[in-house]
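J.: If you want the building blocks of each chain, they are given just below.
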Amino acid sequence: MSMRVEHVLTTCPYCGTGCRFYLQVVDNKLIGVVPCKTDEISQGRLCIKGYNAHAFVQHPDRLTHPMVREGGQLRKATWDEALDKVVSELKRVSAEHGPDSVVVLASAKCTNEENYLFQKLARAAIGTNNVDHCARLCHASTVAGLLMSFGSGAMTNTIPEFEDADCVLVTGSNTLEAHPLIGARILRAHDKGAKVVVIDPRDTPLSRIAHTSIHQQPGTDIAWINGMIKIIIDEGLHDEAFIRDRTSGFDELRKTVEPYTPEKVEDITRIPKQELIDAARTYANAEKAMIAYAMGVTQHSNGTNIVRALANLAMVTGNVGRESTGVNPLRGQCNVQGACDAGGLPDLFPGYQRVEDADARKRFEAAWGRTLPPTKGTTLTCAIKDVLVGKVKAMVIFGENPMLSDPDIAHVEEALKELEFLAVAEIFPTDTTKLADVVLPGACYAEKDGTFTSTDRAIRPLHKAVDPPGEAKPDWVIACELGRRLGAQGFDFPSPADVLDEMARLAPIYGGISYDRADKQVLRWPCPTKDHKGTPVLHIGGFKIGKGVLVPVDHAPPAEETSEEYPFILTTGRNLFHFHTGTMTRRSPKLEREAPEPYVEVNTADAKRLGISDSGRVRVSSRRGEITLKARVTDWIMPGVIFIPFHYAEAAANRLTNPALDPVAKIPEFKVCAAQLKKA
Amino acid sequence: MNDLTKRFSEIAFEERGADHLLLMVERHGNVGPVLISRGEDPGDARTDVPYQLVTILTNILPFMGKAKVALVCRRCDEKALAELAKRGIVDDASVVKIGLACSKEQVQRCRCSDCVPSKVDIGEPSEPCPEDALAAELTAMSTEDRAEFWKRQFRKCNKCFGCTVNCPVCFCDDCVLEERTYTPEEGIPPGQAFHLIRSFHLADKCVECGECERSCPADIPLLTLRKMVNRDMKDLFNYTSGDRERKSPLLTTLDDQPLEDDVHAC
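As you go down the protein sequences, you meet chains V and Y in turn.
When the letters of the first sequence are read in order and numbered with the numbering used here, they come out as residues 1 to 680.
When the letters of the second sequence are read in order and numbered with the numbering used here, they come out as residues 1 to 266.
Pulled out of the complex, with its shape left as it was, chain V reads as follows (with noise of 0.2 Å):
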């Protein structure tokens, strides 16, 4: 046939659901989405932004050859005059301040292999354990606190569980916004008799569903956990057996919920304390009860503890290594599962395994034939920090945008403009590539093979469906250029399916997992070994730590509160129609009508208060800064609350958000802070 059209399979770009399906080619040309009706987690259904997911990726924006800075402005370039440019400055500034004061932000939106290459590059070519990445931003605190709590940082169930349990308690999420798919599995649930409960400051589309609707006041969710488990011991609904045989410190954690009574809870959260009661009755009267929470709970300055406490919660009530229950993380970004998993964290090799711990550094020397550095590296939200006090000096972001997604905005800014090389893999432009000294054009997902990880630990395959626009190029192969012009070894690889299988061999979880084995059948890590079908729930029969730790947490205020000047809590978040940053979403025509343009929610009552009417102009500050933007007055939100989605440039969020971090994961609190509101 003279034309080409082609129905290829791949995996959704966008949440962590792991949707599949095929993009239509014709000629190079992409034309459509078909959902991939098979598949065991999407079921032949997509969101909108799925249906979308063609929409971005030919935009005439799209980066189409390397740039250099010269003369303050960016021009264009050759592959071989960007990339010695970048390996000239990494090697200058290791040489000049040590290889610690490099740092390599890894991506969320790009493949298990490729994020296994940039911790590499950090790690075997720079020598340095300074990679992270986004994940920083959202699940930090779920990786830390589920690994102490269980021994494993991952959500235990999987996605089709959902409309099998008994009770859902959703917390932290907007599950029907930003994970539909896994929204519309509750939704089957809740329709099967289901008790669907949510706890939320906001009303969001899947509480005026559910069963029960509560809402806390931001910042106050270790009390009401708390006082849930108090209730539940109290009236003898705990699972004794379970807490015995399963679980370690229940007596100290029976003590630390003691002083959480309903009434005290009340006072902190705004819950009514019958409502409380009631939830936690339902909770634990459940045979199968499953948590899903995002984040609302990690975005703290206590994320850590929280999801502690939730972890306490479901242990307690034995809703742990069975189908249909569980605590499960919902992952925001197509690959913040497989990022994480990969390795693309400062103290984290491959598969979980500690730089800090000798023996696992041993096998890494090995297979990689260098030392490696002993002591773990720097955060992505302490790395901006370091910038400012002269520790790290030089920066290679693979595909993010900290100009927009990360808190306190001004901030980052300035330590970017202080670094004294800064590149950027990136397949758009964007406010961090405007700051660069050397932009590479990368391909997207519908340019390149390589897998994903969702966040039910399914591997899910890309299969490439058009070349890359100009000469953009995918970021496992810019990464290899570096790593070999860095003068390491072990950077040919002739596919990325060959990346995954060095993984495979450095990492247990991933052990058994290839890209064909991938691509023929669901397997969800661990897969150990090649003929190992993979394990959709985790710590049936026991913890691979041994015993469950219950921890006990203790409430504590957020890191800012409000004050006369700043009466309002601010809190943030995304909407169906929109992804992060907008960089795809906002190029996509039908996403971009849906939701055109920033906004804040505002309560009624607040808003007749202050004179603002429905789409009114606001004008909304912080300690840190200040936006104008629309209003959009509605009773979905609480009195003294107000919300604003991230996803605009011309209106960041991130311009007023606080950079408090929490103390184990360094997760900013994106989800509080003091706010004041004004008409403009």
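Simulated from the structure, these hints should not be mistaken for lab results.
Within a straight-line C-alpha distance of at most 35 Å, the following computed DSBU-like cross-link-like pairs (lysine-lysine) qualify: (1) K195/V with K264/V; (2) K464/V with K6/Y; (3) K192/V with K159/Y; (4) K97/Y with K520/V; (5) K159/Y with K630/V; (6) K151/Y with K288/V; (7) K66/Y with K464/V; (8) K434/V with K376/V; (9) K391/V with K417/V; (10) K376/V with K473/V; (11) K273/V with K151/Y; (12) K104/Y with K119/Y; (13) K464/V with K434/V; (14) K520/V with K68/Y; (15) K151/Y with K192/V; (16) K473/V with K520/V; (17) K608/V with K151/Y; (18) K151/Y with K590/V; (19) K391/V with K434/V; (20) K192/V with K104/Y; (21) K679/V with K159/Y; (22) K464/V with K68/Y; (23) K544/V with K195/V; (24) K590/V with K159/Y.
Let chain V serve as the given structure and place chain Y on it in line with the hints.
T.: Coordinates of chain Y only, in the frame set by chain V:
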């Protein structure tokens, strides 16, 4: 290549002179659509996964020039093609139909009352399903209860547009559901107008293929809704969609005269 692939290729290329064949095959551990030319081996054909091939075909047809494309065609697909041909969207001469009789299980799942293609090339004809149980149940309800039922269903809508994107007879260039006046950009769920406009807009086109219902992440029983509207069309106008010859009664003047050609599109 299994026997089914061979048979499809034979019919398409040898017997009916097509240039290409659109069918469903097993690949990468899944079943999906594929377009092949004469002599190509796409792997093992499958007929048990109901992809909406007419929709897939109409997406690519504008790029196909004068080529003749054969496609695996159920009774509902045949009717969808009739609706499209009538409106000049698909040229009869460019499409070669390979009739597939749906399995008993598929007929049950679609509660399908018209399930045998005019020419059966593959499969054994099954008995039609006389009734949609939910439609009967809803019909027996009071108007208020019925409205309440649908409101409860529509509250689950996540505005994915799957019902529209995958529909074989949704063909407008500018979709009225993306028109601000009716469905403002205020998030989800969309207002009642969204579902009611879609309902009536398809009243003289819907062939009950069920793809909207299969595509709905919220499990809204959209096929039942369609069947109920189609029943009204039958009662009010004695009209059933999918007839190649008969013009829609909605495309006539109040005196039953046909409208001018250029307004026939929607």
